[in-house]
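Chains as they are written, first to last, in the numbering used here: chain A, 1 to 328; chain B, 1 to 341.
The reader is advised that the hints may include incorrect statements.
Pairwise CB distance ranges, derived in the manner of DEER restraints [unchecked claim]:
id: 1; chain 1: B; residue 1: 127; chain 2: A; residue 2: 144; range: 53 to 63 Å
id: 2; chain 1: B; residue 1: 19; chain 2: A; residue 2: 201; range: 35 to 45 Å
id: 3; chain 1: B; residue 1: 128; chain 2: A; residue 2: 27; range: 37 to 47 Å
id: 4; chain 1: A; residue 1: 284; chain 2: B; residue 2: 319; range: 55 to 65 Å
No lab work stands behind these hints: they were computed from the structure. Beta carbons: idealized from backbone N, C-alpha and C, even for Gly.
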Amino acid sequence: MRETLLEVSDLRVHFPVRGQGLFARPRPLRAVDGVSFTVHAGETLGIVGESGSGKSTIARAILRLNTPTGGRVVWLGTDIARLSEHALRPLRRDLQIIFQDPLASLDPRMTVGDIVAEPLTVAEPELTREARRERVAAMLDLVGLSPQMVNRYPHEFSGGQCQRIGIARAMVVRPRLVLCDEAVSSLDVSIQAQIINLLKRLQREMGLSLIFISHDLSVVRHISDRILVLYLGRVMELGPAERVIGLAHHPYTAALISAVPVPDPAVERGRPRLLLEGEIPSPLDPPSGCVFRTRCPKAQARCAAEVPALVPRGTDEAHLAACHFPNI
Amino acid sequence: MTPSTPRPADPAPVLAIEDLRIRFVTRDGAVRAVNGLSLSVGRGETLGIVGESGSGKSQTFLAAMGLLARNARVEGSIRFEGREMIGAGPRALNAVRGKRMTMIFQDPMTSLTPHMRIGRQLTEVLEHHEGLSREAARARAVEMLELARIPDARARLASYPHEFSGGMRQRVMIALALLTNPALVIADEPTTALDVTVQAQILALLARMTASGETSVILISHDLGVIAGLCDRVVVMYAGEVMEEGPAEALFANPQHPYTRGLLRSVPRLDRAGGDLVPIAGQPPDLEALPPGCPFAPRCPHVFDRCHTEHPALRPAAAVPSWRKACHLDGFETPPQREGA
Numbered sequence: 001m002r003e004t005l006l007e008v009s010d011l012r013v014h015f016p017v018r019g020q021g022l023f024a025r026p027r028p029l030r031a032v033d034g035v036s037f038t039v040h041a042g043e044t045l046g047i048v049g050e051s052g053s054g055k056s057t058i059a060r061a062i063l064r065l066n067t068p069t070g071g072r073v074v075w076l077g078t079d080i081a082r083l084s085e086h087a088l089r090p091l092r093r094d095l096q097i098i099f100q101d102p103l104a105s106l107d108p109r110m111t112v113g114d115i116v117a118e119p120l121t122v123a124e125p126e127l128t129r130e131a132r133r134e135r136v137a138a139m140l141d142l143v144g145l146s147p148q149m150v151n152r153y154p155h156e157f158s159g160g161q162c163q164r165i166g167i168a169r170a171m172v173v174r175p176r177l178v179l180c181d182e183a184v185s186s187l188d189v190s191i192q193a194q195i196i197n198l199l200k201r202l203q204r205e206m207g208l209s210l211i212f213i214s215h216d217l218s219v220v221r222h223i224s225d226r227i228l229v230l231y232l233g234r235v236m237e238l239g240p241a242e243r244v245i246g247l248a249h250h251p252y253t254a255a256l257i258s259a260v261p262v263p264d265p266a267v268e269r270g271r272p273r274l275l276l277e278g279e280i281p282s283p284l285d286p287p288s289g290c291v292f293r294t295r296c297p298k299a300q301a302r303c304a305a306e307v308p309a310l311v312p313r314g315t316d317e318a319h320l321a322a323c324h325f326p327n328i
Numbered sequence: 001m002t003p004s005t006p007r008p009a010d011p012a013p014v015l016a017i018e019d020l021r022i023r024f025v026t027r028d029g030a031v032r033a034v035n036g037l038s039l040s041v042g043r044g045e046t047l048g049i050v051g052e053s054g055s056g057k058s059q060t061f062l063a064a065m066g067l068l069a070r071n072a073r074v075e076g077s078i079r080f081e082g083r084e085m086i087g088a089g090p091r092a093l094n095a096v097r098g099k100r101m102t103m104i105f106q107d108p109m110t111s112l113t114p115h116m117r118i119g120r121q122l123t124e125v126l127e128h129h130e131g132l133s134r135e136a137a138r139a140r141a142v143e144m145l146e147l148a149r150i151p152d153a154r155a156r157l158a159s160y161p162h163e164f165s166g167g168m169r170q171r172v173m174i175a176l177a178l179l180t181n182p183a184l185v186i187a188d189e190p191t192t193a194l195d196v197t198v199q200a201q202i203l204a205l206l207a208r209m210t211a212s213g214e215t216s217v218i219l220i221s222h223d224l225g226v227i228a229g230l231c232d233r234v235v236v237m238y239a240g241e242v243m244e245e246g247p248a249e250a251l252f253a254n255p256q257h258p259y260t261r262g263l264l265r266s267v268p269r270l271d272r273a274g275g276d277l278v279p280i281a282g283q284p285p286d287l288e289a290l291p292p293g294c295p296f297a298p299r300c301p302h303v304f305d306r307c308h309t310e311h312p313a314l315r316p317a318a319a320v321p322s323w324r325k326a327c328h329l330d331g332f333e334t335p336p337q338r339e340g341a
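Chain A extracted, bound-state conformation (with noise of 0.2 Å):
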């Protein structure tokens, strides 16, 4: 077994909504409610689901963006969903993030060059300045940038590069985990392979890890070791990608897998359809019991009743699912 980097237990982040009324108390939003995961040194986690699942909102618990209302997040043996901002600080280089928005995300008055060697002089302040260049040079030049364009502005870019030097930032303090939230899901698809492409390709060379969040089920299974499926905060499934997409336990899962159209007419004409009825509940007045029972072909009684626990169901004992009555 490869080393364990992150492991997420329990976590829970809930968001105090005004109630109706004058003195209604706040009611929580259960944004994420109860995620358990680990993530191995080397390996890249999908993570996918729609909108509401709360798939954004993990990736800024673990970074604490967010505070976690519960759970344990534990980096390495310890635990930083509790750690104060002053002692988080050094774990920071090792955990970066990629945001969906490359144009958003970048400051627009500052040069490229800057963007790039920011986290550097935080991270590593006793580079000199020459030094520090050339990291910036060759970071560059690694996400397929010239060099040369270190003094111009992110307006200056088109989405894809502006995406490069969002990844470039990310990765030049050579972090061991970066969080990927919808990172190519804003691009051109003949400009999200290119995206697809290095950051596999920097994985690999980098050796690093990778969560990969998105709403897209052909991209996350393309690029992830293992995936996870979560619907209005809660795991559904998490398994090996081959299985997952192969061999889906959970019916949500398999509604997802039937609902995503393969660019391909003789394929798609063909498939079979499990149409889900309805969209997604409120994450304020989630169902009791199984959270995707309204939606659930097989629900019955017990779904309401209990919550399904994420347990193997199937030979393998990586692969998990949480349903009363999987597809095995």
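Mind docking chain B on chain A? Use the hints.
For chain B alone, kept in the frame of chain A given last:
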């Protein structure tokens, strides 16, 4: 997503675009959004328009609806049911828009009127375009909402757009677009803002509600999978031009233009494991400085001298007459393979 059976090309197309050119005049110069585009849509046909951002796919059909921004300069011809739409006055446009030719946009929240009840938005169209009485219009509106599977349709007439979820709003939008039994509905990225399970519902609904063949559909999407499921024929656009057009199944199976091949090799497929993606090199085209030859030449892996100097015209790409491409290259005999796949 049941596909309609491919129909033979109608001799009189519903929509025929000839040599369309759209320029946007800005302070910094002219942006050439559409550059000599020709295409047509047959009666009852579902035509897919594929292209990345800046390919001109939305602007082309906004021009057909007379909805371009004010700084647009348009040349060429767009004939809808035999009538020229370019240069047509508001009266002529209004007789067609929302009645014979309708549109479904990406975001129904901004295309439905926020302060008007859904019922009124539907009945207004029927009273205005079809001359129905209030009562008859109401009955028809309920019928359409029921066809669009809006639960409790009669009661929902009194709701405002914000009281619906995203998926339900798009159902309302589809009901509204098909209310007058139009000859053509233009759906511009109709499911891009929706979650994938809701997208599947909406695409199935669109297919079902246009299955009778009376309404032609233009489905504009960046998502090759969405196009693959629904369309009889596909047009691939790049830098405001048609790169390739042809029957959906054949074109996806063995694309003849290097750009189409590049697109298909760039998308990861859920039904296939592994293999590296083969991206298209380079950056999207700069519409203010297009090259004199083929607009795709700077990124094309098969580029040769002629591509830089001579602009390729659309020509037959295969034995099928309706399959054409704008490329100097002779063609590909084998389907594109992904490396390692």
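Status of the hints after comparison with the structure:
1. For the pair residue 127/B and residue 144/A, the supplied restraint of 53 to 63 Å holds, since their beta-carbon distance comes to about 58 Å.
2. Our hint of 35 to 45 Å for residue 19/B and residue 201/A holds, since their Cβ atoms are close to 44 Å apart.
3. Between residue 128/B and residue 27/A the beta carbon distance is about 44 Å. The supplied range of 37 to 47 Å therefore holds.
4. Between residue 284/A and residue 319/B the beta carbons are some 59 Å apart, a value that agrees with the proposed interval 55 to 65 Å.
Consistency note: the structure conflicts with none of the earlier hints.
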